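Q: If you read the sequence shown in my numbering, its first letter stands for residue 1431, the second for the next number, and so on.
Simulated from the structure, these hints should not be mistaken for laboratory data. Be a bit skeptical, because a hint or two may be false.
[What the hints assert, rightly or not] Have a look at the derived ranges for each label pair, beta carbon to beta carbon:
| # | residue 1 | residue 2 | range |
| --- | --- | --- | --- |
| 1 | Pro1639 | Asp1733 | 21 to 29 Å |
| 2 | Ala1513 | Ser1747 | 40 to 48 Å |
| 3 | Glu1611 | Lys1785 | 18 to 26 Å |
| 4 | Thr1789 | Glu1695 | 46 to 54 Å |
| 5 | Glu1607 | Gly1736 | 33 to 41 Å |
| 6 | Ser1747 | Ser1641 | 26 to 34 Å |
| 7 | Gly1634 | Glu1607 | 14 to 22 Å |
| 8 | Ala1784 | Thr1561 | 22 to 30 Å |
[Claimed, not checked] Taking lysine-lysine and the BS3-like style, the derived pairs with C-alpha atoms no more than 25 Å apart in a straight line are:
| # | residue 1 | residue 2 |
| --- | --- | --- |
| 9 | Lys1635 | Lys1794 |
| 10 | Lys1794 | Lys1732 |
| 11 | Lys1715 | Lys1664 |
| 12 | Lys1699 | Lys1715 |
| 13 | Lys1785 | Lys1732 |
| 14 | Lys1699 | Lys1664 |
| 15 | Lys1678 | Lys1664 |
| 16 | Lys1715 | Lys1678 |
| 17 | Lys1635 | Lys1732 |
| 18 | Lys1598 | Lys1785 |
| 19 | Lys1794 | Lys1734 |
| 20 | Lys1635 | Lys1734 |
| 21 | Lys1635 | Lys1598 |
| 22 | Lys1600 | Lys1785 |
| 23 | Lys1785 | Lys1635 |
| 24 | Lys1600 | Lys1635 |
| 25 | Lys1732 | Lys1715 |
| 26 | Lys1678 | Lys1699 |
What you are looking at is a predicted structure, and each value in this text was computed from that prediction instead of being measured. Think of the CB as a built atom: it goes at the ideal place given N, C-alpha and C, for glycine as much as any other residue.
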Amino acid sequence: SLVGNEGEETDLCATIQNVEYLCCRTPPTTDTNPPSSNSSMSPEDSGMLGIIYNALHVNDDDESPNYNQVGAQRRRGRSLLSAEDSATFLKGGFYSRDLPDGLTVLSINTVLYSSFFGPEPFADDPGEQFTWMRNTLMNIRERGNSQAMIVGHVPPSMGSFRHTQLWKEKYINVYYEIIQEFDDVVAGQLFGHLHSDEFRVGVGKSAIPSSLSTPLLLTGSLTPIHGNNPSFRKVFYDGGAADDNQFKLLDYESHRHSVSDSNAEDWSKLYTFSETYNTATEYIKTEGLSANVFRSILQSMKDKQGNTSPTLHSFLSLVGSGSDGDAESSHKDNDCDAECRAEWMCTLSGTTTAKQYNTCLLQKSGSSRHMIGIAGAALFAAAFLFMIVVRIRKRRARDQYESPSSIEGTVEMDDQEML
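Sequences are here, hints too, so could you generate the full structure?
A: Pasting the structure below:
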């Protein structure tokens, strides 16, 4: 959830219940692809998107079992979708929302770009979502008094669980072209999907442009199916100064419910970002949760004398939302070996395709072999030098031993000659 200057949050409990009810009564054969027509669509003609739209857009004649809860939500003015959202939501499952403080949230449908989604409904721009993103961000820039927060489900990056490419490459490229073009407008990028508490940031010549001022923040999940604890994240942001309306993410809190603790009956705060990653305190004070902050954290995650750094150790203990599950399912592996550490560094540092990820691993492996080679050569040189020193010492000792005998022999010979 996003928490701005007003400190308000949106209660989604009733909405989730309504979505569950409507989706469960939907026939499994309902089409999940966005409609290909550019004409206006009705919910009844939009397949699963229409079902979800009806769940998120509250009507007075709602007959679901949760009518009282949803109706109360509507009366509080918190219906997630409005009639105006139908033009984009029914077309591709995306929409935007202008918050009272001037921030605009763009909720994008990332399923359209997923590596596992098919068949592809459109070759270049599914649902014309990229066109909509450009136009919306341009309007925000021209308004001059707002910025945008991008939120979505599947992040445009590599996954950390099976090390798979999460988006099709052509869509990854277009997405980052847009984000780079409107870097001055985008105040944050929030994603999920991986059921783990992670981030992605561009470094050097990584696929995620290192020039971007915002990282990708990946939150955990409510479902514990991958060994993680159920969790959610509260992200705090600044509404911006009156003179420039620059919004920025300030901090976040991760809350979890421990599934392994039978005595745990409620949610509890697991950690606060700024307190846990205090190696980047100075950056956080001035820039909030900027890309520079996460590049600083990534730098501090590098090995310390060939061992896991304290920063990476903390990250690994939190990545499964403090899960006590096994390392394979929850990522919790505080004894992460060199191969494990290389995988994490390549995942977090901006690789977005399987090819880039594997190249990164080869480079780190080559660097390790190079260092091993240097260490081996140094060890061989030291051993060789030691052998030389030992031989010299032995020769000197022998010379010192033989010299008195030679003198004694010479003396005896002179005595005989004298006789």
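Q: All the hints need checking, so say for each whether the structure fits it.
A: A quick look at each hint next to the structure:
Look at Pro1639 against Asp1733: about 26 Å separates their beta carbons, and that is inside 21 to 29 Å. The hinted window of 40 to 48 Å between Ala1513 and Ser1747 holds, with their beta carbons roughly 47 Å apart. Restraint check, Glu1611 to Lys1785: a C-beta distance of roughly 25 Å satisfies the suggested window 18 to 26 Å. Remark: the range hint 46 to 54 Å for Thr1789 to Glu1695 is upheld by a beta-carbon distance near 48 Å.
Distance hint for Glu1607 and Gly1736: a CB-CB separation of about 39 Å, consistent with the stated range 33 to 41 Å. Remark: the range hint 26 to 34 Å for Ser1747 to Ser1641 is upheld by a beta-carbon distance near 32 Å. In this structure, Gly1634 and Glu1607 meet the distance hint of 14 to 22 Å, their C-beta atoms being roughly 19 Å apart. Between Ala1784 and Thr1561 the C-beta distance comes to about 28 Å, which sits within the given range of 22 to 30 Å.
In summary, the hint linking Lys1635 to Lys1794 is supported, as the alpha carbons are separated by about 15 Å, within the 25 Å threshold. With a C-alpha separation of about 12 Å, the suggested pair Lys1794 and Lys1732 falls inside the 25 Å cut-off, and the hint holds. Between Lys1715 and Lys1664 the CA atoms are separated by roughly 18 Å; this keeps the pair inside 25 Å, and the hint holds. Distance check on the hinted pair: Lys1699 and Lys1715 sit about 22 Å apart at the alpha-carbon level, within 25 Å; holds.
Distance restraint check for Lys1785 and Lys1732: the Cα-Cα separation of roughly 22 Å lies within the 25 Å cut-off, and the hinted pair is therefore satisfied. The straight-line distance between the Cα atoms of Lys1699 and Lys1664 is roughly 10 Å, inside the 25 Å bound, and the hint therefore holds. Taking the CA atoms of Lys1678 and Lys1664, the gap is about 14 Å. The hint holds against a cut of 25 Å. A C-alpha spacing of about 11 Å is found between Lys1715 and Lys1678, which places the hinted pair at or below 25 Å, so the restraint holds.
Straight-line distance between C-alpha atoms of Lys1635 and Lys1732 comes to about 18 Å, which keeps the hinted pair within the 25 Å bound. Only pairs whose Cα atoms come within 25 Å are accepted, and Lys1598 paired with Lys1785 is accepted, the gap being roughly 12 Å. A C-alpha spacing of about 15 Å is found between Lys1794 and Lys1734, which places the hinted pair at or below 25 Å, so the restraint holds. A C-alpha spacing of about 24 Å is found between Lys1635 and Lys1734, which places the hinted pair at or below 25 Å, so the restraint holds.
At roughly 20 Å between alpha-carbon atoms, Lys1635 and Lys1598 fall within 25 Å of each other, so this suggested pair holds. For the hint linking Lys1600 to Lys1785, the alpha-carbon distance of about 14 Å falls within 25 Å, and the restraint holds. Distance restraint check for Lys1785 and Lys1635: the Cα-Cα separation of roughly 14 Å lies within the 25 Å cut-off, and the hinted pair is therefore satisfied. Taken as a hint, the Lys1600 and Lys1635 pair is honoured in the structure, with Cα atoms around 18 Å apart against an allowance of 25 Å.
Restraint check for Lys1732 and Lys1715: the C-alpha separation of about 23 Å stays at or below 25 Å, so the hint holds. Straight-line distance between C-alpha atoms of Lys1678 and Lys1699 comes to about 23 Å, which keeps the hinted pair within the 25 Å bound.
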